[in-house]
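Protein chains: 2
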Amino acid sequence: MKFMYTMPVKIIAGEGCLNENRALLMELGRKALIVTGKQSAQKNGSYADAVKALEANGQGFFLYDKVMSNPTVDCVFDAAEAAKRESCDFVLAIGGGSPLDAGKAAAALAVNAVEKDAIFRFSCAGALPIAAVPTTAGTGSEVTQYAILTNHAAQTKTSVASPALFPRFAFLDGRYMRGLSRAVTINTAIDALSHSIEGMLSVRASVLSDPMAKNSIKAIAECFRALKEDEPGLPVREKLLHASTLAGMVIANTGTTAVHAAGYQLTYHRNIDHGRANGLLIGAYLRFVEKKEKSLGTDRVGEILAALGMRNLDEFDAALNGLLGERERFSAAEIEGYAEAAMRAKNIANAAIAPQKQELLAILQNALAPGA
Amino acid sequence: MKFMYTMPVKIIAGEGCLNENRALLMELGRKALIVTGKQSAQKNGSYADAVKALEANGQGFFLYDKVMSNPTVDCVFDAAEAAKRESCDFVLAIGGGSPLDAGKAAAALAVNAVEKDAIFRFSCAGALPIAAVPTTAGTGSEVTQYAILTNHAAQTKTSVASPALFPRFAFLDGRYMRGLSRAVTINTAIDALSHSIEGMLSVRASVLSDPMAKNSIKAIAECFRALKEDEPGLPVREKLLHASTLAGMVIANTGTTAVHAAGYQLTYHRNIDHGRANGLLIGAYLRFVEKKEKSLGTDRVGEILAALGMRNLDEFDAALNGLLGERERFSAAEIEGYAEAAMRAKNIANAAIAPQKQELLAILQNALAPGA
Chain A
2 MKFMYTMPVK IIAGEGCLNE NRALLMELGR KALIVTGKQS AQKNGSYADA
52 VKALEANGQG FFLYDKVMSN PTVDCVFDAA EAAKRESCDF VLAIGGGSPL
102 DAGKAAAALA VNAVEKDAIF RFSCAGALPI AAVPTTAGTG SEVTQYAILT
152 NHAAQTKTSV ASPALFPRFA FLDGRYMRGL SRAVTINTAI DALSHSIEGM
202 LSVRASVLSD PMAKNSIKAI AECFRALKED EPGLPVREKL LHASTLAGMV
252 IANTGTTAVH AAGYQLTYHR NIDHGRANGL LIGAYLRFVE KKEKSLGTDR
302 VGEILAALGM RNLDEFDAAL NGLLGERERF SAAEIEGYAE AAMRAKNIAN
352 AAIAPQKQEL LAILQNALAP GA
Chain B
2 MKFMYTMPVK IIAGEGCLNE NRALLMELGR KALIVTGKQS AQKNGSYADA
52 VKALEANGQG FFLYDKVMSN PTVDCVFDAA EAAKRESCDF VLAIGGGSPL
102 DAGKAAAALA VNAVEKDAIF RFSCAGALPI AAVPTTAGTG SEVTQYAILT
152 NHAAQTKTSV ASPALFPRFA FLDGRYMRGL SRAVTINTAI DALSHSIEGM
202 LSVRASVLSD PMAKNSIKAI AECFRALKED EPGLPVREKL LHASTLAGMV
252 IANTGTTAVH AAGYQLTYHR NIDHGRANGL LIGAYLRFVE KKEKSLGTDR
302 VGEILAALGM RNLDEFDAAL NGLLGERERF SAAEIEGYAE AAMRAKNIAN
352 AAIAPQKQEL LAILQNALAP GA
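Residue numbers (my numbering), protein chains in the order written: chain A, 2 to 373; chain B, 2 to 373.
Chain A with its partners taken away, still in its complex shape (with noise of 0.2 angstroms):
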């Protein structure tokens, strides 16, 4: 068996990781760029906490604090102009998948010259210092060397990817995602699971990977219940964020595969949320996995029910449907869209069992238009 794993980021896990290894981020550099999103990081507590930290360190730091949902190209062009000119030598990246991936962006950009409309192609030799601080869990970006962004020239997210944008650091602490709504509580949970399944179902998946991932599912699945709850305490929260991290691990290694790509789709036409948008689709998908392992003779899906602690498909549908509520409608039309655009993604040839056009168009129609 052929594979390959790596894992350069230090975790640092706990209430309160932050500043008790404040001095990690010494190694880092002298002024760090604070990359958040508008509002949760100084909701949550975590900026205070860096600041602290930081302060303590006798470092010096610029905030950055503009990245939007879904982060675009001239954003992470944005906050790389604010490392380079409030000279940053590293980035501090607080928040959820898109601040985390924003920081990242921008801490490559701010060492390499690129023009805007080569960012997706561009060959990353090098970046800033990157340490992650997650405020949500479900995207992962925290352990891996994958930066997100909203390709409109390709109607898309696209990832930039390069080993040198896995953070140094990422510091786990569960108390940062208390007060996180109920409905992105679930989507970043439904996200991380779709990591974790999708890795198992990668053809990059090994005997390293593996145990992380039906971990991280089991986790997952353990706490279907607490996300329905207003606020899980912090076992929960925690539970959810080191499964998280697990799937990020997971994905590093392996890849996402159909799943992901098509959910691209979904959030750049319809602005669904990422997690969510995934698991719209990874039931179908599923589905399409076990008819197709019967002529195989493997079970991944089998190993994927064992994890979950369940016994089909449809048990998995039943949870999946109890946590999504009402599924949004799509035209016949957007769903060919969607499936030819998806076909486009590197994501798909991921998959150990990749769907041809007209499968993924069949999975997209029984996941999002089913009786249609």
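Think of the hints as simulated: they come from the structure by calculation, not from any bench.
Careful: at least some of the hints might be erroneous.
Straight-line alpha carbon distances no greater than 30 angstroms define the calculated DSS-like cross-link-like pairs of lysine-lysine that follow [unchecked claim]:
id: 1; chain 1: B; residue 1: Lys358; chain 2: B; residue 2: Lys293
id: 2; chain 1: B; residue 1: Lys3; chain 2: A; residue 2: Lys219
id: 3; chain 1: A; residue 1: Lys53; chain 2: B; residue 2: Lys3
Only some residues are given here: those of chain A computed to face chain B with a beta carbon under 8 angstroms [said to hold, decoys possible]:
id: 4; residue: Met2
id: 5; residue: Lys3
id: 6; residue: Tyr6
id: 7; residue: Ile13
id: 8; residue: Ala14
id: 9; residue: Cys18
id: 10; residue: Val208
id: 11; residue: Leu209
id: 12; residue: Met213
id: 13; residue: His243
id: 14; residue: Leu247
id: 15; residue: Asn313
Footprint (simulated), chain A over chain B, 3 or more residues, beta carbon under 8 angstroms [to be verified]:
id: 16; region: 6-16
id: 17; region: 207-217
Each residue gets a CB set at the ideal place from its N, CA and C atoms; glycine is no exception.
Add chain B to chain A, keeping to what the hints say.
Same frame as chain A, now just chain B:
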């Protein structure tokens, strides 16, 4: 839950992985100090593969092939002198735990001025870059920051530990284990099993290390029957190899505990193979932990048994005894000496349920002189 996790080693696995990925070695330097034992790397093909890769890269090398089992301080200083004299700028360590650990220690000593009698207390801030090629499936040294050396002053084996000792690359090729004797295969598998079990019983066990530990325990237990065969097939060799690397990833983050601490005594004083020494002790240690857990309300032993696919420790003892065969005999005085010395080892305090001196003595008595 507070924890840290780090694993900076890039792992490359599969038949022929060293030559297929030989370009990676170019990142390490111009000239390798190849560190091996006296014969096995020549016999199993790993040395020839390494030479082929280096020559194809146009890299030079010098062979240091004098590493003995349980390498001495003199040996690693000798290897480090060779690296300096021959202007080697990286280390390619090939072999079982002894050559890997010796190579890693030599990489450190080549760039640090240390007196021989200070080697177990020096703070190692840097080392030559290291690539590791395991040829047994046990040590996990290819993914750890430890180099374990014979410590004559303290009459035991002691680790030198530093983040600088993590190899940059670990190349896992199961073909190099073909032809290992049944005894070596068994002893090294038990060593890896002990790493994962002790990792689960460490104060530093975490939601990241546990999935790796459990999966590695499960994989090794599934090989128990094949371990008794004269030449297990390549799939079994690979399964054991990947499990031992997983176990190494565990102890890189958790450290080992009382079993290793006491096992070093058996190796130092009676020349009992390291893995076998752990195997002689681990059953009794688990009985001790199981008893303590009754009052603590935890059930780590139950989790370990579940990973083993066994119902109770009687089954585990029976399986281990079947692999270990007839046990060595030890005098009461020997056992007392081992308990006393092991209590001074730093890994004793690493156990979540750490034995007091009288408890460790009782564990060793139960393990080494049952019924006496």
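How the hints compare with the structure:
no., hint, in the structure
1, B:Lys358 - B:Lys293, "holds, 15 angstroms"
2, B:Lys3 - A:Lys219, "holds, 21 angstroms"
3, A:Lys53 - B:Lys3, "holds, 20 angstroms"
4, Met2, "holds, 6 angstroms"
5, Lys3, "holds, 3 angstroms"
6, Tyr6, "holds, 4 angstroms"
7, Ile13, "holds, 5 angstroms"
8, Ala14, "holds, 5 angstroms"
9, Cys18, "holds, 7 angstroms"
10, Val208, "holds, 5 angstroms"
11, Leu209, "holds, 7 angstroms"
12, Met213, "holds, 6 angstroms"
13, His243, "holds, 4 angstroms"
14, Leu247, "holds, 7 angstroms"
15, Asn313, "violated, 24 angstroms"
16, 6-16, "holds (count 10)"
17, 207-217, "holds (count 8)"
Violated hint: 15 only; the structure is consistent with all others.
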